[in-house]
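Novice: These are the residues of each chain, in order.
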Amino acid sequence: MSSPSELRDVMATEGAAVSENTKGFNRGRYDSVGRLSDYDALKDEARSIKEDAIERLPELIDRLRDTVEANGGTLYIAEDATDANDYVRSVVADQNAERVVKSKSMTSEEIEVNEALAKDGVDVVETDLGEWVLQVADETPSHIVAPAIHKSRDSIAELINERFDPEEPLATASELTAFARDHLGELIEDADVGMTGANFITADTGTMALVTSEGNARKSVAATDTHIAVAGVEKVIPSVEDLQPFVELIGRSGTGQDITSYISLLTPPVGTPSIDFDDDETPLSELDSDRDFHLVLIDNGRMAMRDDDELRETLYCIRCSACSNSCANFQQVGGHAFGGETYSGGIATGWEAGIEGLDTASEFNDLCTGCSRCVDACPVGIDIPWINTVVRDRLNGENEGQFDFLVDGLTPDEEETSPSLQKRFFGNFEAIASVGSALAPLSNWASDTTPARMAMQRVLGIDSRRELPQFRRETLVDWARKRDTAIENPRRRAVLYPDLYTNHVHVERGKAAVRVLESLGVDVVVPPAPSSGRAPLSQGMIATARDHAERVAETLEPHIEDGRDVVVVEPSDIAMFDREYERLLDAEDYDELASNGYEVFEYVYGLLENGAAADDLRHGDGEQLAYHSHCQQRTLDLEPYTLDVLERCDFDVTTSDVECCGMAGSFGYKSDYYEVSMAVGSDLRAQFTEAETRDRTVVASGTSCLEQLDDLLERPTRHPIQLLD
Amino acid sequence: MSATPTDSLVSTLGTLDVPCEQTTPEAFEEALSPHLRGRSVGVELDGIDASLTRTDVEVDPTPAALKAATTGVTPASFAIGDYGSVVVPESPAGSDLVSLFVDRHVAIVNERDVVPDMEAAFDRFGEAFRERTQSGIIATGPSATADMGELVRGAHGPSEVHVLVVEAADE
Ligand code: SF4
Chain A
1 MSSPSELRDV
11 MATEGAAVSE
21 NTKGFNRGRY
31 DSVGRLSDYD
41 ALKDEARSIK
51 EDAIERLPEL
61 IDRLRDTVEA
71 NGGTLYIAED
81 ATDANDYVRS
91 VVADQNAERV
101 VKSKSMTSEE
111 IEVNEALAKD
121 GVDVVETDLG
131 EWVLQVADET
141 PSHIVAPAIH
151 KSRDSIAELI
161 NERFDPEEPL
171 ATASELTAFA
181 RDHLGELIED
191 ADVGMTGANF
201 ITADTGTMAL
211 VTSEGNARKS
221 VAATDTHIAV
231 AGVEKVIPSV
241 EDLQPFVELI
251 GRSGTGQDIT
261 SYISLLTPPV
271 GTPSIDFDDD
281 ETPLSELDSD
291 RDFHLVLIDN
301 GRMAMRDDDE
311 LRETLYCIRC
321 SACSNSCANF
331 QQVGGHAFGG
341 ETYSGGIATG
351 WEAGIEGLDT
361 ASEFNDLCTG
371 CSRCVDACPV
381 GIDIPWINTV
391 VRDRLNGENE
401 GQFDFLVDGL
411 TPDEEETSPS
421 LQKRFFGNFE
431 AIASVGSALA
441 PLSNWASDTT
451 PARMAMQRVL
461 GIDSRRELPQ
471 FRRETLVDWA
481 RKRDTAIENP
491 RRRAVLYPDL
501 YTNHVHVERG
511 KAAVRVLESL
521 GVDVVVPPAP
531 SSGRAPLSQG
541 MIATARDHAE
551 RVAETLEPHI
561 EDGRDVVVVE
571 PSDIAMFDRE
581 YERLLDAEDY
591 DELASNGYEV
601 FEYVYGLLEN
611 GAAADDLRHG
621 DGEQLAYHSH
631 CQQRTLDLEP
641 YTLDVLERCD
651 FDVTTSDVEC
661 CGMAGSFGYK
671 SDYYEVSMAV
681 GSDLRAQFTE
691 AETRDRTVVA
701 SGTSCLEQLD
711 DLLERPTRHP
721 IQLLD
Chain B
726 MSATPTDSLV
736 STLGTLDVPC
746 EQTTPEAFEE
756 ALSPHLRGRS
766 VGVELDGIDA
776 SLTRTDVEVD
786 PTPAALKAAT
796 TGVTPASFAI
806 GDYGSVVVPE
816 SPAGSDLVSL
826 FVDRHVAIVN
836 ERDVVPDMEA
846 AFDRFGEAFR
856 ERTQSGIIAT
866 GPSATADMGE
876 LVRGAHGPSE
886 VHVLVVEAAD
896 E
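Chains as they are written, first to last, in the numbering used here: chain A, 1 to 725; chain B, 726 to 896.
The set of hints was computed from the structure by calculation and includes no laboratory data.
This one's a predicted model, so the numbers in the text were calculated from it and none came from an experiment.
One or more of the hints may lead you astray.
Stated by the list, open to error - With beta-carbon atoms standing in for the labels, derived distance ranges:
#, chain 1, residue 1, chain 2, residue 2, range
1, A, 682, B, 795, 44 to 50 Å
2, A, 490, B, 740, 54 to 60 Å
3, B, 893, A, 167, 34 to 40 Å
4, B, 875, A, 58, 43 to 49 Å
5, A, 165, B, 828, 38 to 44 Å
6, A, 309, B, 747, 54 to 60 Å
7, B, 841, A, 30, 24 to 30 Å
8, A, 682, B, 875, 21 to 27 Å
9, A, 286, B, 844, 37 to 43 Å
10, B, 736, A, 280, 41 to 47 Å
11, B, 747, A, 86, 32 to 38 Å
12, A, 34, B, 746, 39 to 45 Å
Glycine included, every Cβ here is placed at the ideal spot set by N, Cα and C.
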């Protein structure tokens, strides 16, 4: 795992360029997919094509072998990197090739074919300009689509001027591009072998689709007599028509381009004439075309991933990079920190776990906070946070729990394995909160003392710069039990789910929610209930989370059967009910909870739409608000309800547009990530301290967001429901 | 009346800064000439209702002539209206090369071969590719890169693309 100082270094040296570029791509994605009238339908189609293709993969590979051979090429299935490299080396040796020109291919990075060929004395030239810059700089990609995203124009100019010493020093992007084109153009013209990747390969015709913009892949194939394509086995899809949704989605999802300059649909060996640019006699039409073609499909752990119920989804990935660009942490640290041997960003956990092993994934996996902003962005609908959770769970199994005795009394978890002490602390936060409330305010004073904070930082890795939650002696459940309210002829009947934080820490927002619902004619009960399991889940403690989910379902079921709706204040918990419980509960229990559960503003909105009067709520008289929605709330499309209700009640609302506040549950509390978390938060701070927003009242829906905002801003924060009370 | 595929091709190419002109078989030579810059080479417009014979374009150039040329004129098998794309066929005549190893690519397409969208395009690819083994490039605007710190038009391939749409010949 990157240490705090390594993370600090990478943010200092690469953060600015990574941040500017990824945020630009991310904004471009929103705009570009917004221009599609059938975005969701295309995503569904893309998803189902991949599901079907991976399911039928062995059959499709057999079919592809037949078509490639009928077309005059060769298909080789490589078991692992060495096998693939040995095959490529033998093809290159057979041609007596001195130079191989390559277009961009992550799979070729995975197998490190450049190094293997260089050992044989072959000159391997990267022709994608970004890859070429990295080859000159001897650096690795920091992004799966834009590999040199961490380098600024100035640093590239410095590098190229130093290495090539051009007559006039190069400065602008145009000058650098022109220089690189000429330099590489000559190398391409004299090359013997062209190597490409493939974004997709169709089994029916043996056609490969290459998604590019520069034209270097086209040139690398056209200018050489031997074409080698390397790709993972998962790239095979049934037919040419199946390419359509991917072609429409891949550029939009990644860099925000509706389509890249070139989608090459190559059915090799391609029939373009083989060309020698010194020839000034033979017209093009009289030149021969006599190309060799070798398709190298690489397994390297993928067939095992296909058999793994949890990792299989990774194989649907089309490497568009949306999950990197939409990730608040990635935007700060880039792929050198948030990445493994080859792949980077949220989905890299799946790829690296499957290809390299759990150890490699463990290096960066904790940078995924589970905020879920990538889930909607992914064109094939992969539940990327879940893959991260599963890998974390498997990693927990590998740890030796040396301090377990310390927390055993406090940590009644269900884990058979031994998550780290820190993970068990956060994973069992419910038990800690119960003790905390019982002993409050003593527990708050005790944990606030310097020696206590130093010990927490040392043993648990909880950063002493963070304020700890202040437990309330009277929980929301205690408060509700003592009340005596009766709603005559209630409009609806509801159970307010006392989530962990609302119950023990932010009790005021819970009380406000109860009173608001009552004023709209809802009969509300607040029974004791277990915490949702979000805390253990975020630490990869799936068994514990499942146990919570089952107990929550058991607790709420009688209320639902009694005709009550379930109202949830904490967005990360309604997200549990809606998303993760599908994986933790049996279908019937999941459906019951998911279909009867509402986020509190979603519920208020529903009441107002069905006849309740907004006049019964407190109004804002134009009060100006700055609202930060919660990441998971946005993934579930719940933000508009809050905005609508606040506007009906005469508040003037401006919203943030950062993907995440940076706190993300326990993430921002951990010493290892405190600085990343604050860097993510700085965007939010900037948005809420500019002239237009500086004097607005700050409201946010999530507990974590409120805590982060308290640390970022010097003005008080509240949950929006408190404004209506 | 709803927009025809050609209307949408013209308007999308406008947003991509790609000059596009509609012409007729009779007016083709005259229409083409302002789109040529420097030495121009080309591939005969098989399947298109127009010909390069009476233009300044060197048809079927040698590799050395291609290398020296600035403009390359090729037929497009079809165009895709809402993406502003032209499909450059791979052909023994070297369309792929002539559209790539030049600074300006001029693509010529029949109006009847402008399809509305990607779905129609891939229906066409699917049929054609299964019938006969072949390749094609969906080319949209000039080559480009953002790898040098900002967006540059003109990377390894052309920095300019022009499109001429030829209306059907009068019967
Ligand atoms: S996981 Fe999804 S969003 Fe991430 S790179 Fe793969 S396809 Fe794109």
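Novice: Work down the list of hints and note, for each, if the structure agrees.
Specialist: These are the hints, each one checked on the structure:
no. : hint                      : verdict
1   : A:682 x B:795: 44 to 50 Å : holds (49 Å)
2   : A:490 x B:740: 54 to 60 Å : holds (55 Å)
3   : B:893 x A:167: 34 to 40 Å : violated (53 Å)
4   : B:875 x A:58: 43 to 49 Å  : holds (45 Å)
5   : A:165 x B:828: 38 to 44 Å : violated (26 Å)
6   : A:309 x B:747: 54 to 60 Å : holds (56 Å)
7   : B:841 x A:30: 24 to 30 Å  : holds (25 Å)
8   : A:682 x B:875: 21 to 27 Å : holds (24 Å)
9   : A:286 x B:844: 37 to 43 Å : holds (38 Å)
10  : B:736 x A:280: 41 to 47 Å : holds (42 Å)
11  : B:747 x A:86: 32 to 38 Å  : violated (55 Å)
12  : A:34 x B:746: 39 to 45 Å  : violated (30 Å)
In this structure, the earlier hints numbered 3, 5, 11, 12 are contradicted, and the remaining ones agree with it.
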